Amino acid sequence: MDPQKYTVLVAEDEEASRFLYEEELKDDGYQVRTAENGLQVLGTLEDFPVDLLVTDVKMPDMHAIEMVPRVRQDFPELPILVVSAFKGMEDDFTLKEARVSAFFTKPVNIELLKGKIREILSSRPPKGSSRP
Amino acid sequence: MGNSSEDPRPLVMIVDDEPDLLRLIEICLKAQPIQVEAFHEGKVLLERLARAPNPQLIILDVMMPVLSGYEVCRALRALPGCDSIPVVFLTAKTQARDYVLGLESGGNYYIEKPFDVEKIGQKVLGFLAAGKGE
Amino acid sequence: MEPSLGPMKMDRRSLLFILRLLSVVTLGIMQVSGPGGWQETPPLYRWIMLAYAVWVLLGWALKPKYYRKTTILVTLFLVDTVLALVLLQGLSSLYGELFLIYFVTIFVAVLAQSVSGGVAAAVLSILLYAFLQYLRTGQYFIFDADHLIRYPFILVTGVLCGFLAEEGQRDDGEKKRLRDTTNMLADKVDLATRKLIESNHSLKAMLDYHKRILSCIQTGIVVAHQDGIIKTFNDGAVRITGYLEEAVDNKNLLELPERLGPLTKALQKTLSEGKGYNLENLEITTARGEVLPVSLQTSVMRSEEGKVLGAIATLKDISLLRQMEIQLTRSERLSALGEMAAGVAHEIKNPLNAIQGFSMRLSSKVQDPSLKKYADTIVQEVQRLDTIINDVLEYSRTTKLSKKPEDFQKLVDEVVQFAEEKFEKAGIRIVREFDPNLPLVPMDYNKIKQVILNLALNAVHAMSGGGTLTFKLSVAEALGDAETPGSKDWVAHVFLNQKVAVLAITDTGCGIAPENMSKLFHPFFTTKTTGTGLGLSICNKLIESHGGTISVQSVVGTGTTFSVQLPLDA
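One line per chain: the protein sequences are R, W and X, in this order.
Each residue of the first sequence is one higher than the one before, starting from 1 at the first, in the working numbering.
Each residue of the second sequence is one higher than the one before, starting from 133 at the first, in the working numbering.
Each residue of the third sequence is one higher than the one before, starting from 267 at the first, in the working numbering.
Please note: incorrect hints may appear among the correct ones.
Interface residues of chain X toward chain W, partial, derived using beta-carbon atoms under 8 Å [to be verified]:
no., residue
1, Lys688
2, Gln716
3, Gly801
In silico DSSO-like links for lysine-lysine, alpha-carbon gap of 27 Å or less [as the list claims (entries may be wrong)]:
no., chain 1, residue 1, chain 2, residue 2
4, X, Lys765, X, Lys669
5, W, Lys255, X, Lys691
6, W, Lys255, X, Lys688
7, W, Lys162, W, Lys175
8, X, Lys582, X, Lys517
9, X, Lys691, W, Lys225
10, X, Lys639, W, Lys245
11, X, Lys639, R, Lys114
12, X, Lys477, X, Lys582
13, X, Lys691, X, Lys713
14, R, Lys116, X, Lys631
15, W, Lys162, X, Lys691
16, X, Lys688, X, Lys738
17, W, Lys175, R, Lys116
18, R, Lys58, X, Lys615
19, X, Lys688, W, Lys225
20, X, Lys461, X, Lys477
21, R, Lys58, R, Lys87
22, X, Lys713, X, Lys669
Cβ-Cβ distance ranges computed for the label pairs, FRET-style [what the hints assert, rightly or not]:
no., chain 1, residue 1, chain 2, residue 2, range
23, W, Arg155, X, Thr827, 40 to 48 Å
24, X, Glu613, R, Lys96, 23 to 31 Å
25, R, Pro125, W, Gly213, 31 to 39 Å
26, X, Asp679, R, Met62, 48 to 56 Å
27, X, Arg650, W, Lys162, 35 to 43 Å
28, X, Arg650, R, Pro125, 39 to 47 Å
In case anyone wonders, no lab produced these hints; they're calculated from the structure.
Model, not experiment: these values are computed from the prediction.
Ideal Cβ placement from N, Cα and C applies to all residues, glycine included.
Model the full structure from these sequences, guided by the hints.
Following this line, the structure appears as structure tokens:
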């Protein structure tokens with residue numbers, strides 16, 4: 001599996017955390033895009049081919065509970081990983097219905113996260129050609 | 133209660149990310165009438181257990197990347213047939229909270245590192261006997 | 267005792283007897299003093315005289331009741347008259363007839379028992395006299411002073427006798443009425459007295475009953491009358507204030523011991539203002555010199571018309587209540603502390619995410635060993651932070667317990683087994699004292715297991731040179747005291763004396779210093795060099811959420827016992 005062919009979208013409003021994910025994922029060789037809020041997520045998904053979405057739960061303009069179903073509606077096949085401060089998010093009905101692939105609690109075990117991403121992406125073809 | 137039809141010895145599985153230590157434990161145990169299967173990481177153990185949940189004892193290191201010993205224990209307890217396999221934590225984490233975490237994860241014994249190389253084999257036999265006694 | 271009116275009845279008999287006796291005696295005297303004297307009296311006359319005397323005497327023997335019967339009286343009269351007439355024939359003087367007239371008058375008048383009867387008797391006699399006059403002298407009336415004076419005399423005699431007899435009768439009658447009235451009154455008084463005694467008894471019984479109530483209740487009751495004098499100071503008040511009833515009873519409010527100041531003032535105010543006061547948290551000094559927290563309530567005692575009669579004070583010893591409040595506030599305070607800590611911890615999580623990640627990246631990318639050491643140190647400390655945060659969040663999390671009846675013994679055995687190696691290495695001997703009759707205890711097995719392990723490891727830490735660790739399982743009644751922290755649930759268990767399972771973990775370690783005892787269960791309190799100090803506070807929270815309690819007893823240098831009490835009914 002060639003990570004370079006895959007694009008991962010990271011949605012996180014905290015700058016430091018966003019930077020961290022970006023660096024870590026770039027290390028693994030993926031194409032990384034970032035978004036600061038829900039609108040940006042939806043916009044990026046519209047404009048670019050994204051193979052996987054990692055999103056924080058609490059963002060300034062909308063909560064993941066609102067955003068994830070909307071994403072799912074437009075992109076039924078997109079793998080979504082949710083990172084939250086609460087452990088309880090796992091049990092959220094809306095998110096489960098939206099077929100979130102995995103939940104991670106903060107502070108995130110980066111290795112675990114990357115491992116999961118690898119696992120998911122290696123079993124599916126990349127969406128589009130990579131763009132700088 | 134046996135493992136493979138040929139081998140009557142009890143099967144013990146060990147997991148440690150440090151290869152030297154893993155080898156050391158294996159040697160200590162093999163000095164006793166014990167069958168040993170060694171793993172470098174929890175994930176592989178879990179896959180193995182999912183296929184055939186048949187060890188009489190599992191020894192887990194705690195400080196491991198990706199999945200800690202506690203997480204492995206929790207995960208394996210959820211596997212069918214692995215509910216009552218005695219689990220021993222072998223670790224350098226010796227604080228009270230570590231013990232509690234270990235207990236919470238479903239472990240049965242807690243051994244501190246560094247361990248007594250001479251005695252570990254006997255200890256494991258003891259655990260195996262206690263397990264059988266139930 | 268019946269008043270004796272007997273003699274009155276005899277009067278009629280006595281009266282007649284006396285009169286008749288007089289008539290006999292008079293006849294005798296007249297005969298004897300007459301011209302012939304007794305010697306010339308014919309023998310027949312003497313016999314008749316004697317007979318008459320005997321006849322009169324016989325009359326005395328007759329029972330008084332016969333004197334009421336008209337037939338008897340008429341017989342007496344007739345016989346008397348006949349005998350008298352016969353005897354009078356023997357007398358030559360006319361005066362003898364006069365005697366008969368008077369006799370008749372008196373007799374009939376007495377018989378008639380009235381003045382009018384007396385008058386009738388007089389008239390009858392006058393007519394009889396006129397007849398006798400005619401027989402002797404051929405004239406009905408002789409008009410000379412000698413004779414004329416006889417008529418009014420006869421009348422007077424008749425009236426007088428009639429009157430006297432009437433009086434006797436009236437007297438008799440009145441005396442009878444008096445007697446009857448007195449009897450009736452006596453009966454009524456008797457009845458009234460009995461009723462009074464009875465009601466006195468029941469009043470006394472009721473008084474005793476109320477006295478009993480007053481003396482048996484725990485609340486102290488002090489009553490001061492309008493004039494400021496203490497009239498009631500019940501046993502409860504004695505118990506609470508330490509002052510004896512004698513020291514206070516009937517004394518003026520102003521004379522009460524100074525220590526009872528608040529009580530005195532409250533009563534005075536109530537008396538003067540006519541309204542009650544409610545002082546929930548007062549402190550009085552008892553006679554023994556102790557300061558006692560009490561709740562004091564005063565009320566105005568009013569008559570039915572609303573006039574102020576006095577002031578009533580009720581005193582309640584609230585020292586136990588205060589203790590429980592302190593326990594509860596401690597519990598709630600810990601809770602509040604925990605909540606605040608949780609809020610902070612939550613906020614820290616986000617920046618920590620990045621710090622942790624980058625410190626690890628730094629560590630892995632940096633080549634220079636000293637720089638790498640710096641990076642590793644950061645990673646290590648971040649791990650510690652992470653641990654602390656998790657502990658804090660764990661502490662404040664409202665743990666959802668799944669309580670089921672579990673085997674407490676099995677739990678203890680599993681815990682001991684888990685840390686077996688540790689005990690062995692530390693030279694600690696394990697002793698089990700299990701009550702065989704311990705029933706299943708409702709609990710969240712895994713959570714309680716963690717608590718017990720935590721306590722056991724604390725004990726190990728206290729026994730640095732080895733020792734004995736005893737696990738004692740028993741059943742007891744919920745006990746609460748000042749040292750036992752407790753939630754509202756626990757207080758209820760203690761109050762209701764409910765049964766609990768007790769696990770006492772006793773070590774032979776260095777003990778806990780007295781100044782640390784009260785802080786033991788506080789979050790972040792620790793005497794260890796490592797660890798967050800949340801262990802015991804988390805344990806306490808877990809136990810409390812089971813409706814149970816943890817308590818400690820410790821002697822420095824000897825050892826410590828932690829007691830976990832879990833209610834047996836969920």
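Comparing the hints with the structure gives:
A hinted interface residue such as Lys688 of chain X counts as satisfied when its beta carbon comes closer than 8 Å to some beta carbon of chain W; here the least separation is about 7 Å, so the hint holds. Nearest Cβ of chain W to the Cβ of Gln716 of chain X: about 5 Å, under the 8 Å cut. The hint holds. A cut of 8 Å between beta carbons decides the hint on Gly801 of chain X: the least distance to chain W is about 6 Å, and the hint holds. With a C-alpha separation of about 17 Å, the suggested pair Lys765 of chain X and Lys669 of chain X falls inside the 27 Å cut-off, and the hint holds.
The hinted pair formed by Lys255 of chain W and Lys691 of chain X meets the criterion: a straight-line CA distance of about 13 Å does not exceed 27 Å. Only pairs whose Cα atoms come within 27 Å are accepted, and Lys255 of chain W paired with Lys688 of chain X is accepted, the gap being roughly 13 Å. The straight-line distance between the Cα atoms of Lys162 of chain W and Lys175 of chain W is roughly 24 Å, inside the 27 Å bound, and the hint therefore holds. Straight-line distance between C-alpha atoms of Lys582 of chain X and Lys517 of chain X comes to about 22 Å, which keeps the hinted pair within the 27 Å bound.
A C-alpha spacing of about 15 Å is found between Lys691 of chain X and Lys225 of chain W, which places the hinted pair at or below 27 Å, so the restraint holds. Distance restraint check for Lys639 of chain X and Lys245 of chain W: the Cα-Cα separation of roughly 23 Å lies within the 27 Å cut-off, and the hinted pair is therefore satisfied. Distance check on the hinted pair: Lys639 of chain X and Lys114 of chain R sit about 25 Å apart at the alpha-carbon level, within 27 Å; holds. Proposed proximity of Lys477 of chain X and Lys582 of chain X is supported: the alpha carbons are some 19 Å apart, at most 27 Å.
At most 27 Å may separate the alpha-carbon atoms for a hinted pair to count; Lys691 of chain X and Lys713 of chain X meet this at roughly 26 Å. Taking the CA atoms of Lys116 of chain R and Lys631 of chain X, the gap is about 23 Å. The hint holds against a cut of 27 Å. Between Lys162 of chain W and Lys691 of chain X the alpha-carbon distance is near 24 Å, which keeps this suggested pair within the 27 Å criterion. Distance restraint check for Lys688 of chain X and Lys738 of chain X: the Cα-Cα separation of roughly 20 Å lies within the 27 Å cut-off, and the hinted pair is therefore satisfied.
Taking the CA atoms of Lys175 of chain W and Lys116 of chain R, the gap is near 12 Å; set against the 27 Å cutoff, the hint holds. Of the pairs offered as hints, the one joining Lys58 of chain R and Lys615 of chain X holds, with about 13 Å between alpha carbons and a cut-off of 27 Å not exceeded. For the hint pairing Lys688 of chain X with Lys225 of chain W, the CA-to-CA distance comes to about 12 Å; that is within 27 Å, so the pair holds. Under the criterion of a C-alpha separation no larger than 27 Å, the hint pairing Lys461 of chain X with Lys477 of chain X is consistent with the structure, at around 24 Å.
For the given pair, Lys58 of chain R sits about 14 Å from Lys87 of chain R by alpha-carbon distance, which is consistent with the 27 Å threshold. Only pairs whose Cα atoms come within 27 Å are accepted, and Lys713 of chain X paired with Lys669 of chain X is accepted, the gap being roughly 10 Å. For Arg155 of chain W paired with Thr827 of chain X, a C-beta distance near 46 Å keeps the hint of 40 to 48 Å intact. Under the hint 23 to 31 Å, the C-beta atoms of Glu613 of chain X and Lys96 of chain R, about 27 Å apart, fit the expected range.
Take Pro125 of chain R and Gly213 of chain W: their Cβ atoms lie about 37 Å apart, and the range 31 to 39 Å holds. Between Asp679 of chain X and Met62 of chain R the beta carbon distance is about 52 Å. The supplied range of 48 to 56 Å therefore holds. At roughly 38 Å, the beta carbons of Arg650 of chain X and Lys162 of chain W sit within the given window of 35 to 43 Å. Taking the beta carbon of each, Arg650 of chain X and Pro125 of chain R are about 44 Å apart, inside 39 to 47 Å as hinted.
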